[in-house]
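Colleague: Residue numbers (my numbering), protein chains in the order written: chain E, 1 to 1178; chain V, 1 to 143; chain A, 1 to 175.
It should be emphasised that the hints constitute simulated quantities derived from the structure, not laboratory data.
Treat the numbers as computed from the prediction; the structure is a model and nothing was measured.
Each residue gets a CB set at the ideal place from its N, CA and C atoms; glycine is no exception.
Check the hints yourself; a few may be wrong.
[Unchecked claim] Just some of the chain A residues that point at chain V, by a computed CB distance under 10 Å:
1. 47
2. 50
3. 53
4. 54
5. 55
6. 56
7. 59
8. 68
9. 83
10. 150
[As the list claims (entries may be wrong)] Stretches of chain E that chain V covers, calculated by requiring three or more beta carbons in the stretch to come under 8 Å of a beta carbon on chain V:
11. 345-354
12. 451-460
13. 1040-1046
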Amino acid sequence: MEEYPEELRTPPVALVAVVGCPELHTAISTHLHSEQPPINTLALPDFSKISIIAKRHKEGSDSGQFNGILKRDWLSKHRTMVPAVVAALFSSDHVSGDPAQWLQVCTDLENLKAVIKGRNIKLVLALVAQSTSKDDISEDRMIALRKRAEVDSKYLIAFDLNNPLELKQSLNRLGNAFSELANTYYRDEGRRIKTRLDRKSLSSVELSIRYCFKVAVYAEFRRDWVEALRMYEDAYKTLREMIGTSTRLPPIQRLVEIKTVAEQLHFKISTLLLHGGKVVEAITWFHQHNASYKRLLGEPEVNFLHWEWLSRQFLVFGELLETSAASIQNTSSPVLVATDRVSEWELSSAYYYQLAAQYLKEKRSCLELTLSMSETVTDIDSNAESVAPSVYVGQFARLLEQGDTYVMQPLTDEEYVRYALAEGKRFQDFFEIMALLKRSFESYTNFNAQRMASYCGFEMAREYFAVNDYTNAKEIFYSIASTYRKEGWVNLLWEVLGYLRECSKNLGKMKDFVEYSLEMAALPVSSVAGIQSLGFKECGPAGPATGAQREIIHTEVFELVRGETGLASNKGSNNFKVTSDQPVRLDIDLVSPLRVVLLASVAFHEQIVKPGVSTSITLSLLSQLPHSVDIDQLDIQFNQSACNFTVVNGQRPKSDEISDGMMGQRVETAPVLVLSTNKWLRITYDIKSEQSGKLECISVIARLGPYFTISCMVESPAALNDLPLWKFEDRMETFPIKDPGLAFSAQKAIQVEEPDPQVDVKLGTSGPALVGENFAVPVTISAMAHSVYSGELKINLVDTRGGGLLSPTEVVDPASADSLHVELRGISGLQCEDESQSGIEKIRKIQHAFGLISVPFLKEGDSWSCNLEIRWHRPKPIMLYVSLGYSPHSDDQSTQKVHVHKSLEIEGKTAVVFSHNYMLPFRQDPLLLSKLKAGLNSDQMPSLPLNETSVLIVTTKNSAEVPLQLLSMFIEAEDDSDSGNSITVRQSDPLETSLLVPGEGFKKVFAVTPEVNTPTLKMGTVCLRWRRDGDSTSSDSEVVTKYRLGDIKVESPPLVVKLDCPPHAVLGNPFTYFVRIQNRTHLLQEIKFLLADSQSFVLSGSHNDRVFILPRSEHILSYKVVPLASGSQLLPRVTVTSVRYSAGFQPSVASSSIFVFPSEPHFEMTDAGVRPESITAK
Amino acid sequence: MIVCVAVVGHQNNPLYIQSFTEADDALKLHHIVHCSLDVVDERVNNPKRSGPTLNETFLGLLYPTENYKVYGYLTNTKVKFILVTTDLDVRDADVRNFFRRFHSAYVDAVSNPFHVPGKKITSRTFAERVSGIVKSFGLSSAG
Amino acid sequence: MVREVAESCVESLLTEIVSQYCNGFYANKPDLAARRIEAIGYQVGHQLSERYTMERPRFSDHLEAIKFICKDFWSELFKKQIDNLKTNHRGTFVLQDNKFRWLSRVSVAPSSENTGSIQDPSAMAESKEAQATGMYLYFPCGIIRGALSNLGIPCAVSADISNLPACSFVIRIKA
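Excised from the complex, chain E in its bound form:
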């Protein structure tokens, strides 16, 4: 589009001229330019310059013979030289001045009128008042001037330079006058030409076209787009008709002229349509234009001109579309949508650029052909020098110098062809084509039309390739290859790879060359009839995509990698060869396109295996190369390098390079290692791993020839991906493994179990644990067939019933050991060769429920033991888990450890249970009022009489299943400050060890005398020290179990009833039985008493009575009693009733019992009194 002249590219703007008063010209032209629509101004400083707008003398006449259709300069003339209106500016001084000045004005005006008359240019007068005296222009002069100029009064405009406001108004008036007159002018001109056109008697078609064009341009000046469009279309149609009929010029030049004019007309039409927003119409118009002229190739020697022209049509239209699309986007009108007539891409400029490039390439090839055929190249150059565009659009002429002037001489077609060839040679089509393709490529990429973009890329890369720019070509080819690979467009891929291969060769990139060659050789080209093979002529450097060509490439590349031939690069003498200095190694991963060359699948036949036990592994290789490939050697590599092994082709002589560096590795020899096309090569070997964990096959390295290796990552048969490209082929598909079960499930990795532990861990236990004791669980580790290196013992205590080992209060104070139900205390009995300190270090970590201990090195046969000390605070069963982790070998820390797990359930039991009760003093019953009030409520605290010695009996019972040794039992007073002398507890010496077998009880009696009258008295805590019978006497094993005694109530009884009788009686022997009723109050107490009869006794004395007892005195009832029955008998019971407290009470049964001997007993007194205060009773 840029090569078009400015006047063609932009819409025409009306032109006016101003003459005289040059000081105003700037203001006027600026003002007119900013008008809507703008007006261009031709400023002529004074009247002497007006001749330039005058109609020049024409050589030849209009009706004469025509040399062309359009004059080259006509449009520019009308835009820059021929004004529609002329404004004559006169100074008011001159108009109103002396006659000489007036005369001058008149002369100027006459001259001007004479000039513009020929062109029908309209006239405007302006009077410029320069001085302050503005009113001095007389009306007569004004009218005279108007008359003389033959203008209407409204076209006489007065300017007042001194008044800016009025100046502005004057400018506006001038502008209005100009636009009105310009419109009239262009309309008149258009009409004038149109009448000529309508006369139908035009001598030639050319004239008709020219007139149409002119009318259209005048319409454009008037902004009458519809008219302009119609006239341009008329011109275009008329021109189209001219093609077969015109005989004016020699045929070649005739066609060139017609096409050039058509191009101009088409450009105008397209611009008008696009600016009118009629995109679809514009595209449709372009279709027609394209269809009309596309086949007009012209003479063969200049058909490059046709392609150049066609390319330009596409380019220009693309550019027009692009600019109009940009302006449409700015105005945010609805997005263009494709319709039935116009497809998607035709709305995008990329489409036109691409085709422009296409046609430019066509032009280039035609030009090259023509040039190669014309022998006289030098002749062309010399001949073309003096040729230049002639005055007519699309015509060329020879400029002949004739003295001072040049004369245009028409050319013959031969001359023209030579000129065109010379011109064509000057242009670098390559850059033009690249620029077009690049624009197209980028645009398509933005549309996400990647296939279109790939095609553009392909064309670009081919251009680069053609000019030997292999680096750029390779880069682009590489980037587009993946598109074709992904979608399986094998033939297109073949082309791209062929170019890539050639680029690599020319760049001397051996590895790339080998890769591309192999990929090509393995491509599924023309393996089936469905996709026909491409013809021979048009194919790229790789040759036709045929099976035969694949085989050729295969042979070629294998000769190369085996070092038999070299790679002939174009880079001079460098003949690349695969040697020991330049080995080639290809890597094929899971997404590599080279998977078609070599696909490796490895399957373990099992999923899990013991260490040291061998299992089968099958290696399957598949290749799609057209010929069979002999593999010299296969290295199979695992994540455990010790398992790596090598398979050597038995048919190949072992070369030194191969065996080098293979020392110590397993080498197998396979009878045959040949990869046939699309046939799995399956080899199965045994494999065993000593190391537990995952054993995974990583890669297989195939060695083909001394310096060529392919490292191929292996895949599991179960997860084998489709083979790229070949997946669309109708080929025999087989499984890498014959066994269908394995084919679906086998993996390339196997789990190697850890070796069986050869170490025994024993947890000894001595029955249930007892609450409170440090319960020792012996752990014995005996290394049987393994040595133990870096052993570690983990201990875990878990509540059997679930839940924590801690009581809920643990949250509050986790540090307190009391809140723990069960606690791992420590480890004892570590057997260490050195000091105990190192033993402590070995206890790495002990927590309440978790422990971690290091186990020293143990030789085979050694054993080691320790005790876990666990203490129960509550009875609870727990699970003890012990696990030993060790490595059987000293050397490597990294190897996986062997683990032995043991567990044991241990129940924690309460060792001793306590109970206690109080006994009041013997045969002495206080009236405890609280007891009476409470009635039957037995829950309340026991009451003890003040200052009386009561008896506390504490009973413990062995509830464990083992005999216990009791060491001592005592009562610990509470720490209350005021309780120091609140109670006196008489305690005996620590008791000697007494054995308590399971289920047996033990009682201890304490005499308790409360000394403070208080409703709640803390009695203290019973502490029992004990240990398991048979344990050592060390204090470690002693356990103190505590039992808190309940609080008691102390009160002073108002009345005390004491029974006084002998300790025992003899049948028939009378004895005296006193009942003493003590009043301990300061009040007189009225007492009623009632004595019940007893069948076992005969008694004398009053049975019931009412007595008064004085304060602090005692009333004694005395009875003479004779026992009638032997054994433990109940004395006649007395019931005392206090009137004051209305409470009666009886002495307890215990205190009113007496033993009656049948006859006088005889005791043998031995050591009976040794233990005065302890009674062992069942």
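Position chains V and A relative to chain E; hints supplied.
Modeller: Just chains V and A now, kept in the frame of chain E:
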């Protein structure tokens, strides 16, 4: 004249592509067919036509290029048929008719027990039938 | 394009396929037999859908495709349409045929426990007859799956025969 017909699978892979031209532009036709898939994608993703033609199997003119016009057809099973012709004036009805016959040939081809779904069509019967359909293109406008 | 096949022939063929796979090739592996039969159905459905979708516009969504299965496709196969179509609008469709042709000749001994979907082998294990009947349903399940897959809708299809001879096919479209 029809210069090329193609069947393209749902992964945009060529299943069958045959050109009927003496000129050596088979590679170019491959490119044209491949590029036309962009238009098919575009047209399926942004259906432009409204009304009864929505989701019609016949996609119409995909794009004109150089000397060719490319027509497309997309079956319910996401298989594309591409037709490349050099005729400048092509009647829509002819193309529709062509595709209808082509589709039925395709269905018969994939019903062939030796055909594996998703793979290239190698049946010779299909090739012959396609040639027949191509030869009769535009001849029987009524049909 | 209308082609017809003797109905008895198809039914006998199906019976033969099922018995061959269940009692012949995979006598002790009902799972494998089921998978094979389903695969045959898949192939059939794949090819049939190609044929029966000719001459019709492309489906714009899943529901349209399912409707096609219910109406035209089913009519082509069984000369009747699906009687009831339910969906949860989240990719699950239940197609109920009140008198499923291929089961119309099957009579199951009245057993208390012949309910349950054939995808749930544990429920089926209780009833031998129901299990045997279920075997016949893998084929139509496969047909539906094959047809939908070819239309670009990957899915899983199961059948439910809790009240014979009505039969429900449950289609779960994979997201």
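Colleague: Look at each hint and say if it fits the structure.
Modeller: Comparing the hints with the structure gives:
| no. | hint | in the structure |
| --- | --- | --- |
| 1 | 47 | holds, 5 Å |
| 2 | 50 | holds, 5 Å |
| 3 | 53 | holds, 4 Å |
| 4 | 54 | holds, 6 Å |
| 5 | 55 | holds, 7 Å |
| 6 | 56 | holds, 7 Å |
| 7 | 59 | holds, 6 Å |
| 8 | 68 | holds, 8 Å |
| 9 | 83 | violated, 24 Å |
| 10 | 150 | holds, 5 Å |
| 11 | 345-354 | holds (count 3) |
| 12 | 451-460 | holds (count 5) |
| 13 | 1040-1046 | violated (count 0) |
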